[in-house]
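Once you've looked at the hints, dock chain Y against the given chain U.
Protein chains: 2
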Amino acid sequence: MPLEQLVQTFLPAIEEELHKAIAKARGPDMDLLHHMLAYHLGWEGEKAGPEARGKRIRPILLLLTTAAAGGDWQNALPAAAAVELIHNFSLIHDDIEDNSPVRRGRPTLWKLWGVPQAINAGDALFSLAHLALLDLSQHTSANTTLKTSHLLLETCLQLTRGQYLDISYELRGDLTLQAYWPMVNGKTAALLGTCTELGALVAEAEAPVCSAYQEFGHALGLAFQVLDDLLGIWGDAALTGKSAESDLLSGKKSLPVLFGLSRAGDFAARWAQGPITADEVPFLASQLEREGAHAYTRECANDLTEEALKALERAQPQGNAGEALQLLAHKLLNRQV
Amino acid sequence: MPLEQLVQTFLPAIEEELHKAIAKARGPDMDLLHHMLAYHLGWEGEKAGPEARGKRIRPILLLLTTAAAGGDWQNALPAAAAVELIHNFSLIHDDIEDNSPVRRGRPTLWKLWGVPQAINAGDALFSLAHLALLDLSQHTSANTTLKTSHLLLETCLQLTRGQYLDISYELRGDLTLQAYWPMVNGKTAALLGTCTELGALVAEAEAPVCSAYQEFGHALGLAFQVLDDLLGIWGDAALTGKSAESDLLSGKKSLPVLFGLSRAGDFAARWAQGPITADEVPFLASQLEREGAHAYTRECANDLTEEALKALERAQPQGNAGEALQLLAHKLLNRQV
Numbered sequence: 010m011p012l013e014q015l016v017q018t019f020l021p022a023i024e025e026e027l028h029k030a031i032a033k034a035r036g037p038d039m040d041l042l043h044h045m046l047a048y049h050l051g052w053e054g055e056k057a058g059p060e061a062r063g064k065r066i067r068p069i070l071l072l073l074t075t076a077a078a079g080g081d082w083q084n085a086l087p088a089a090a091a092v093e094l095i096h097n098f099s100l101i102h103d104d105i106e107d108n109s110p111v112r113r114g115r116p117t118l119w120k121l122w123g124v125p126q127a128i129n130a131g132d133a134l135f136s137l138a139h140l141a142l143l144d145l146s147q148h149t150s151a152n153t154t155l156k157t158s159h160l161l162l163e164t165c166l167q168l169t170r171g172q173y174l175d176i177s178y179e180l181r182g183d184l185t186l187q188a189y190w191p192m193v194n195g196k197t198a199a200l201l202g203t204c205t206e207l208g209a210l211v212a213e214a215e216a217p218v219c220s221a222y223q224e225f226g227h228a229l230g231l232a233f234q235v236l237d238d239l240l241g242i243w244g245d246a247a248l249t250g251k252s253a254e255s256d257l258l259s260g261k262k263s264l265p266v267l268f269g270l271s272r273a274g275d276f277a278a279r280w281a282q283g284p285i286t287a288d289e290v291p292f293l294a295s296q297l298e299r300e301g302a303h304a305y306t307r308e309c310a311n312d313l314t315e316e317a318l319k320a321l322e323r324a325q326p327q328g329n330a331g332e333a334l335q336l337l338a339h340k341l342l343n344r345q346v
Numbered sequence: 010m011p012l013e014q015l016v017q018t019f020l021p022a023i024e025e026e027l028h029k030a031i032a033k034a035r036g037p038d039m040d041l042l043h044h045m046l047a048y049h050l051g052w053e054g055e056k057a058g059p060e061a062r063g064k065r066i067r068p069i070l071l072l073l074t075t076a077a078a079g080g081d082w083q084n085a086l087p088a089a090a091a092v093e094l095i096h097n098f099s100l101i102h103d104d105i106e107d108n109s110p111v112r113r114g115r116p117t118l119w120k121l122w123g124v125p126q127a128i129n130a131g132d133a134l135f136s137l138a139h140l141a142l143l144d145l146s147q148h149t150s151a152n153t154t155l156k157t158s159h160l161l162l163e164t165c166l167q168l169t170r171g172q173y174l175d176i177s178y179e180l181r182g183d184l185t186l187q188a189y190w191p192m193v194n195g196k197t198a199a200l201l202g203t204c205t206e207l208g209a210l211v212a213e214a215e216a217p218v219c220s221a222y223q224e225f226g227h228a229l230g231l232a233f234q235v236l237d238d239l240l241g242i243w244g245d246a247a248l249t250g251k252s253a254e255s256d257l258l259s260g261k262k263s264l265p266v267l268f269g270l271s272r273a274g275d276f277a278a279r280w281a282q283g284p285i286t287a288d289e290v291p292f293l294a295s296q297l298e299r300e301g302a303h304a305y306t307r308e309c310a311n312d313l314t315e316e317a318l319k320a321l322e323r324a325q326p327q328g329n330a331g332e333a334l335q336l337l338a339h340k341l342l343n344r345q346v
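If you read the protein sequences in the order shown, they are chains U and Y.
So this note's numbering is basically just the index in the first sequence, starting at one, shifted up by 9.
So this note's numbering is basically just the index in the second sequence, starting at one, shifted up by 9.
Source of the hints: derived by calculation from the structure; they are not laboratory data.
Keep in mind that a hint or two might mislead.
In this list, chains with the same sequence are indistinguishable; a pair is considered to hold if it fits within one copy or across any two.
[As the list claims (entries may be wrong)] Pairs of lysine to any residue residues, derived as SDA-like cross-links and limited to a Cα-Cα distance of at most 20 angstroms, are as follows:
| # | residue 1 | residue 2 |
| --- | --- | --- |
| 1 | K29 | L160 |
| 2 | K33 | K156 |
| 3 | K56 | R112 |
| 4 | K120 | N108 |
So here's chain U without its partners, still in its complex pose (with noise of 0.2 angstroms):
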């Protein structure tokens, strides 16, 4: 099966490309700061390992993307590595930002460091992610990773829109079913597309092409968001046994819950009382499921699943790496719900 072979190739090249990024911010007496950086990527300290790690979806998804174009995979490795920190340096922030205690079954970094020393650490990763991503002109033209650069420059701008959307939501009681996309679109979506785009970019990609990945990527990230609400909700995990892992519980303002917030019945009656308990899950979960909100977010679901393949239709990949993005996608996208 070419994804599992490709992905076995890319990943130990991958961990040491981000090793390579992150030794830049060693020096005398930061052995700290450094530590903090290797935690947080699952290299050190307790429980360090592939669960710690995650599963590197987004740079796998880039160098897929550039052979897929017709590039030299080991030529976008800076740019991989660069995603992969950002996404990690947004992690960090948003634990704080989120006051979450745990991260890939560990205690997040302000928990074990305290919250100036991680607000710190992020910032390092967020420069020393920039400073990996400039290491493309050993292979690349000046005016390309210029380019680059530039788009993960907005991607991140993009990122601190949907986290500020997010956290202003928490305090909105008026949120419209439309509220949601420009959220999800900065929280995820917005690095899934730039991550298929640069892939194509260090490809040399012609500009057609090289939107139809970003299309695709952006496509699939907002389809993984709402296949993740779904499953947040009537997924084995939140529904059966294990009320503790739904998204009720949380007050997540999910697309199922903003459906029902829009509906105007029984469920948003429920919710404008306060904080929903877990007993309460299962009823609640199935009342949603009655007013509609399983249908439309599961046909949301759908339809950008569709847009996703579409546009990656239109990319024409090639070769085992176009084979393997294709069953990416699917793998990606036919969770079980």
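The following block gives chain Y in isolation, referenced to the frame of chain U:
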């Protein structure tokens, strides 16, 4: 007087460029995000105005350098905006990390809008700063723009190194006098050295000239901080009447304090016993002076000032701007102590 005239020419152009850079944060539903940044930069909100804006020393220094190195200062405006925005980004996060409620006579961002929004606004400013810099490519080559981008990112990494040390030092009782320099290098001198280096790079100055300007800005930054530390204990505000302004009260590990601790005399013994109160300030300031801290700090400031002026001489600054650079250095380094 050429300095004053040039500053009056530069300031409106700097503000315009800053506005252009911050406008990229605008968008549907983004009013508050934009307002937070405009507030922090002194343009909006209560007590907006020149006092709230700060002196814009960094962009002025950068533009003077471009002109003194024979370049067109208007071409350097994107870099001038970028260094001012990076400075302000670091202030937003530092204020959270130091738990400071007031900045330039006004409530800090986190105090007004909460820590989550303030961290995120800082991140937005970070992206906007680096995006601003990329506008250099309108007037300089892609290679020069890339070089400046690399330099500013490295400097941001240095800022986080300095801040990492500063936060670490709060908990350490075993600091040596030498611990001072890497912290101040990262927190203050690195960015000032980068201002002058960027200015010279935009002027397409030769490598040795760029280095001389970098050394000038760097030594100027160190000298400025050491003088600031001197004023923080023996300046008028700190000593006469307003002991509340004294660095002795805030527990800051400034150069005179680290000198005093390294002597292990009466001052060090008192410091080890816990926070100093306002009524102790005059006595402890003169005790520190008797132990040699004032003379030592003064000598450091003098040496660094001389180093800065020698580096500036090596750079052979030209014309009115060159004269103005020398005046600026003298002005910054001849504050009353």
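Each hint, compared with the structure:
In this assembly of identical chains, K29 and L160 lie within 20 angstroms of each other by CA distance solely across copies; the values are 18 angstroms between and 22 angstroms within a copy. In this homomeric assembly, K33 and K156 come within 20 angstroms of each other (Cα to Cα) only across copies, at 17 angstroms, whereas the closest approach inside a single copy is 23 angstroms. Within a single copy, K56 and R112 get their C-alpha atoms as close as 12 angstroms, which meets the 20 angstroms cut-off; across copies the closest is 41 angstroms, which misses it. Taking CA atoms no more than 20 angstroms apart as the test, K120 paired with N108 passes in both settings, with 9 angstroms inside one copy and 17 angstroms between copies.
In summary, the structure agrees with every hint in the numbered list given earlier.
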